[in-house]
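Novice: If you're matching them up, the sequences are chains C and Z in order. Using our numbering, read the first sequence as starting at 235 and increasing by one per residue. Using our numbering, read the second sequence as starting at 235 and increasing by one per residue.
No lab work stands behind these hints, which were simulated from the structure alone. Using N, Cα and C, we set each Cβ at its ideal position, and we do this for glycine too. Treat the hints with care, as some may be off.
[Said to hold, decoys possible] Covered stretches of chain Z (in silico footprint by chain C; criterion: 3 or more residues with CB under 8 Å from a CB of chain C, positions within the stretch not fixed): (1) 292-304; (2) 331-337; (3) 379-387; (4) 409-415; (5) 424-434; (6) 447-457; (7) 656-662.
There are 2 protein chains.
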Amino acid sequence: MRTRYYIEDAARHVDREITIEGWLTNMRSSGKIIFLQVRDGTGFMQCVASKGDVGDETFEAAEKLTQESSLRVTGTVREDARAPGGHELSVSAIDVVQVAEEYPITPKEHGTSFLMDHRHLWIRSSRQFAVLRIRSAVMTAARNFLDSRGFLELDTPILTPSACEGTTTLFETEYFGERAYLSQSGQLYNEATAMAFGRVYCCGPSLRAEKAKTRRHLIEFWQIEPEIAYADLNDIMEIEEEMVTAMVRSVLETRANELRILERDVDRLRAVEPPFPRITYTEAVEILKKAGADFEWGSDFGAEEETVLSERFQKPVLVHRYPREAKPFYMEDDPDDADVTLSVDMLAPEGYGEIVGGGQRLKDLSTLSTRVDEEKMPRDDYEWYLDLRRYGTVPHAGFGLGIERFVAWVCGIRHIRETIPFPRMLNRMRP
Amino acid sequence: MRTRYYIEDAARHVDREITIEGWLTNMRSSGKIIFLQVRDGTGFMQCVASKGDVGDETFEAAEKLTQESSLRVTGTVREDARAPGGHELSVSAIDVVQVAEEYPITPKEHGTSFLMDHRHLWIRSSRQFAVLRIRSAVMTAARNFLDSRGFLELDTPILTPSACEGTTTLFETEYFGERAYLSQSGQLYNEATAMAFGRVYCCGPSLRAEKAKTRRHLIEFWQIEPEIAYADLNDIMEIEEEMVTAMVRSVLETRANELRILERDVDRLRAVEPPFPRITYTEAVEILKKAGADFEWGSDFGAEEETVLSERFQKPVLVHRYPREAKPFYMEDDPDDADVTLSVDMLAPEGYGEIVGGGQRLKDLSTLSTRVDEEKMPRDDYEWYLDLRRYGTVPHAGFGLGIERFVAWVCGIRHIRETIPFPRMLNRMRP
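Bound-form chain C, shown alone (with noise of 0.2 Å):
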């Protein structure tokens, strides 16, 4: 294949020639010389074009593109400090593809509405660009954490028969005669494979038909979601303190421009690092009633509550021993209290709340049988489940990491819908 050159990768070429292929995004022309600065999807650029090197006609044609027309320039790469990424673009040749229509999002300010109905458009638009690079990296990094662990990716299924998390937001679909949803979460079918192969994980969508529109909610998101046989909370614990703090070191070298277009204050990741710290669910409740917080003991957090927590910790701090009736079925309880569960979450610091949750599942077959009768869950359903807990059930345990909302945090950026390519949100499929 011929020689590509990317943006990215200026550093490597200095005083070379050689061609971008990109579009534009900004020019001006003094008359003699004309800046374009030139974006490929990796990366923005300078490019500096004189009308003597490239000649006139070249140089009026420059002057005439629109934004967002697409085009190849071909010139030297040189050193500049003051340049945006530390490079410019010496032109020589300049090969227009297509002028761009009108383009609809200008440098002036643009409705969140617009911007939206806009999103396949605005998703070339710098922080954009910065935000979406960086999930890119965290989804990455997530995998490789796991897998230099000896996990195994297994994909766990999308249609099912029956409900994992609670029916009322379920999205149905007819299954050729059959009535099936959409999956919520891959941790049942998890579980099952961790049982044939140990250390497992799912990295997919998850889809739940919540009325909410708050930040922190999404229609499809993605999660990732390990689950170790042989393992309890302990170990997830500082599984999760490691893959997350493996994660974000990852984007801090990986995406350090991407950063800087954010102003993301940098040290407040640095200091992501093990122990986090660790606290009871009753102790959570305490921290909340000396702050004034009317909460009583035996829900669980809402965003108001986890934003006042996750604000009193430098690093994300796990949340642990969560009562029975604020988690789902399938926890273990806690031998040494009867009222709690081996569950944790983690929320992340600066107000960004809950990003993990977790805990040791229900290793009994009785108690477990019990429980889905109590939950009145159609049994047949749930024949297979129970099976694990028949034939060699073991002590394990596991998570689930919310990108969307992992991807907020590490950018610092209020609302996590843009922290997905296409968000899809209470009335909102489009694009």
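Using the hints, position chain Z against chain C.
Specialist: The following block gives chain Z in isolation, referenced to the frame of chain C:
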């Protein structure tokens, strides 16, 4: 975290005492010595316990263990060329976690329907263990290849307002009062992210409500779909070749034991090196006709034709330039031949057929716009896609690789239902 030992790492622990945490797959006792076959999800190991070493009580308890009982076995790793994995464990202690109920899957033959009903347990058997560990290596190798080439993983949505490839095989759901469809491909969205990020891929589930009951079809299957801005048909043929080669090599290197379990002829896999043979669709039709097939130029190949073609080559073959009517609306026309498109399918050898499909995408706004109307597609839903041709359109190309078909070929197994942990097929969505 406490040090964990896994069977796959046994070679690193020769002559050291370790504890394996796993399940019993088989056992025989001579009365004085007991041979326990133990699996831990990473491999299988023979553990040898003598009455003298473990004591009468433990020995007798071990003799009563049932298949798939969970247990921790402590002992010293011994090299033994006769042992299946090259090592065995000289047991000093056994800790039984659970004596399993009578296990439904016994070493005797079971029917496929029975095994599929017990898929959550069937995956524990050695053949399924091998296939799914190869699947996981295939996914990792595909991503690692693309990551190393500078591609960004950017997810595309499952819930969409419109159909990508025909409307007859779509799953439908209600999205807050609107009709939504489950995605059959991330490609159209990939084209938007490719214009923003240059080189992208998505990897996720695709859903097709196809009434086909063949060994090559799943209702829910996984694809990895790369898309490249400023690329043409030749570029993607080269990348497909390199990617498939890298994936096969990675399986050969990291899953030698699993290929042995499956008795795969690895020489057939070792032959997979660039360049792959390339033939046009028209040449393929001639081959079919010479082979006596009743086939007319113009239609797409079915399983039968693909089998004939792919049996003629020792390597995967690239069949390019399919007729317009055999390919979706977004394929670029061949400038040298108005009847065909710049499309390409890769057929795996040994009769496996299509594993990759792709091509160059229509670049011109008015041509694409006409096609959308000709196909009677709801225009409003495709305006965003047409925008990609309004604002800096560029030559671009991409492809989709079907994970399950790829795994079936590499494993040398006939039916793709074994290549995914929980297959969804016509009338089958349990467990």
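Novice: Indicate, hint by hint, whether the structure satisfies it.
Specialist: Each hint tested on the structure:
Check result for the stretch 292-304 of chain Z against chain C: holds, 3 residues qualifying (beta carbon to beta carbon below 8 Å, three or more required). Residues of the stretch 331-337 of chain Z lying with their CB closer than 8 Å to a CB of chain C number 5, which satisfies the three-residue condition for coverage. For the stretch 379-387 of chain Z, the stated coverage by chain C holds: 4 residues have a C-beta nearer than 8 Å to a C-beta of that chain, and at least 3 were required. With 4 residues carrying a beta carbon less than 8 Å from a beta carbon of chain C, the stretch 409-415 of chain Z meets the three-residue requirement, and the given coverage holds.
Counting residues of the stretch 424-434 of chain Z whose beta-carbon sits less than 8 Å from any beta-carbon of chain C gives 8, enough to reach three: the coverage restraint holds. Coverage of the stretch 447-457 of chain Z by chain C holds. Counting CB-CB distances below 8 Å, 3 residues qualify, and the rule asks for three or more. With 4 residues having a beta carbon nearer than 8 Å to a beta carbon of chain C, the stretch 656-662 of chain Z meets the requirement of three or more and the stated coverage holds.
Checked against the numbered hints above, the structure violates none of them.
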